[in-house]
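Protein chains: 2
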Amino acid sequence: MKGIVICSGGMDSVTLAYSLQDKIDAMTILSFNYGQRHSKELRFAEDAARDLKVPWHLAHLDVNQFLEGSALTDARVAVPEGHYEEESMKATVVPNRNMMMLSVATALAVSSKSDAVYIGVHAGDHAIYPDCRPEFVTMMSKTAKIATQGFSVPDFEIVAPFVNMSKADIVDLGEDYNVPWARTWSCYKGDMWHCGKCGTCVERKEAFALAGVDDPTIYSV
Amino acid sequence: MKGIVICSGGMDSVTLAYSLQDKIDAMTILSFNYGQRHSKELRFAEDAARDLKVPWHLAHLDVNQFLEGSALTDARVAVPEGHYEEESMKATVVPNRNMMMLSVATALAVSSKSDAVYIGVHAGDHAIYPDCRPEFVTMMSKTAKIATQGFSVPDFEIVAPFVNMSKADIVDLGEDYNVPWARTWSCYKGDMWHCGKCGTCVERKEAFALAGVDDPTIYSV
Numbered sequence: 126m127k128g129i130v131i132c133s134g135g136m137d138s139v140t141l142a143y144s145l146q147d148k149i150d151a152m153t154i155l156s157f158n159y160g161q162r163h164s165k166e167l168r169f170a171e172d173a174a175r176d177l178k179v180p181w182h183l184a185h186l187d188v189n190q191f192l193e194g195s196a197l198t199d200a201r202v203a204v205p206e207g208h209y210e211e212e213s214m215k216a217t218v219v220p221n222r223n224m225m226m227l228s229v230a231t232a233l234a235v236s237s238k239s240d241a242v243y244i245g246v247h248a249g250d251h252a253i254y255p256d257c258r259p260e261f262v263t264m265m266s267k268t269a270k271i272a273t274q275g276f277s278v279p280d281f282e283i284v285a286p287f288v289n290m291s292k293a294d295i296v297d298l299g300e301d302y303n304v305p306w307a308r309t310w311s312c313y314k315g316d317m318w319h320c321g322k323c324g325t326c327v328e329r330k331e332a333f334a335l336a337g338v339d340d341p342t343i344y345s346v
Numbered sequence: 126m127k128g129i130v131i132c133s134g135g136m137d138s139v140t141l142a143y144s145l146q147d148k149i150d151a152m153t154i155l156s157f158n159y160g161q162r163h164s165k166e167l168r169f170a171e172d173a174a175r176d177l178k179v180p181w182h183l184a185h186l187d188v189n190q191f192l193e194g195s196a197l198t199d200a201r202v203a204v205p206e207g208h209y210e211e212e213s214m215k216a217t218v219v220p221n222r223n224m225m226m227l228s229v230a231t232a233l234a235v236s237s238k239s240d241a242v243y244i245g246v247h248a249g250d251h252a253i254y255p256d257c258r259p260e261f262v263t264m265m266s267k268t269a270k271i272a273t274q275g276f277s278v279p280d281f282e283i284v285a286p287f288v289n290m291s292k293a294d295i296v297d298l299g300e301d302y303n304v305p306w307a308r309t310w311s312c313y314k315g316d317m318w319h320c321g322k323c324g325t326c327v328e329r330k331e332a333f334a335l336a337g338v339d340d341p342t343i344y345s346v
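Note that the protein sequences, when read in sequence, are chains S and D.
Under our numbering, the very last position in the first sequence is 346; numbers go up by exactly one each time.
Under our numbering, the very last position in the second sequence is 346; numbers go up by exactly one each time.
It is worth saying that the hints were derived from the structure and are not from the lab.
Note that the Cβ used here is the ideal one computed from N, Cα and C, for glycine as well.
Please note that a few of the clues may not be correct.
[Stated by the list, open to error] Calculated cross-link-like contacts (lysine-lysine; reagent style DSSO-like; alpha-carbon spacing at most 30 Å):
#1 D/K330 to S/K267
#2 D/K267 to S/K314
#3 S/K127 to S/K178
#4 S/K165 to S/K178
#5 S/K322 to D/K127
#6 D/K238 to S/K127
#7 S/K267 to D/K270
#8 S/K270 to D/K178
[Unchecked claim] Some residues of chain D that are not near chain S, with every Cβ distance over 12 Å (derived):
#9 Q161
#10 S164
#11 E171
#12 A184
#13 D187
#14 E260
#15 K270
#16 P286
#17 M290
#18 P305
#19 K322
#20 E328
#21 A334
Please model the complete structure; the sequences and the hints are all you need to start from.
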C-alpha cells in the first residue's frame, strides 16, 4: 500500500513515520512551511525521510496574511511559557492548520494514487486544538472521501493512529522502532537548543519522564 | 455580518460576490493561485473587488508538484474541447481543489472573525467534480465548524448559494445585480480572447443563450 505521512519533524510525527515503515510499501513524507516563526523543525522532517529512505515533499502554505495573532507565525506575539494544556497556550493555535494540511495531503494522495494520509495528532493535543480531536479526524476522512470520489482510490482514508494515545505512549512506541529522538525537534522557539520552557518543551520533557525513557535532548534551561 | 467570498474571476463567483453585497457588511474577496496554466482570471477577481470596493486577498497554494496530469496546471496536458459534462472534461479536475481553498478560507474566517465563507459551485459542476456537490459542501461546513470550535464565531458556516442552480440561473441572477459580464473570465486557455471551444467556454455561451441574455464575450471562434 501507498501512504502519505504528514511530518513536522517533531517527535510525534517522526515516530508515526517510523512506526508505519512495515505497513506502508511506498511512503512519502510531506511537510509544510506555513510561515512558522522558525522553520528549523523542517530540517528534522527531511532527516527522517533520509533516514527512512523515502521521498520528502515540502509544501508551502502561504497563509501568513491570515494568521495574525498566532505566536507560531507572528513574531510580534510572545511564545508562551508554561504547561501545554494551559489556557495561555491558545496563543500557539494556527487557525485550521490541520484541515489545510490534510486537504493538501489528500490532493497529493489523489495524484499519487495513495491509500491513506497519516497524521500524528495525539490525546495531549485535545484540550487546546479542536482540529486534533477524534471527531475532527473522522469527519475529515469522510469529507475527503466525498471530495475526491471517483478520483481517489476506493478505500482512501485519513488516519490518526495516535489520536487516543498520550505523548508518553508515543515515546514508548518510538523506543520499539528506535526513533532517534535527538533527530526530532519540538521547541516553538528556533534557537540552537530546545528552550526547555515553552509549552512543547515542557510536554517533551514530561513525556520522556512519564515513559521512563532517557531524554537525549539538550535544553537551554 | 462579515463574509469571505472565494472568487476566481469567473462569472459564477463574480455573480456570487455581487449578489452578496447587500447581505454582507464586510466582504473580503479571496482568490487562489494554485499554479493554474494561466493566471489571467485572477486579474478579473481583483477587478471585481475593486468594482465592489472590498479588500482582495490572493493566496498561493503551492501544489504544482502534486497536480501532475491536470490540464489546468500541467502544460503538457491538452485542454480538452467539447461539452462541459463530457468524460473528457475529467482532465480539467484539480484534485481536491475546493477542499484546499475552503480550508484556507476558513483559516482566514477564524482570523478575521467572519461569519461565513461563500463558494460559487453550481449544479452544472456536479457531473464531473465531486467537490462541487451539495453533500460535499454540507460535510465540509460541518467539518470546518468542528475544526475551529472555540476559535471561529459560533455560527460559522460554509455556504454555496448556487449549489442547486444552473449556470443559466446564475446569468439571470447576475443580470439583477448588473454584473459586468465582460469583466469576468471563463476560458481554460489564457489567450487574448475566450477560445470559444474549451468546456468552460462552451458552457459560458450556453448559459447566456439559455438565459436569453446578450453575451458580450469576445470569442476567437
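Original post:
Failing hints, ascending?
Top reply: 1, 2, 5, 6, 8, 12, 13, 14 and 15
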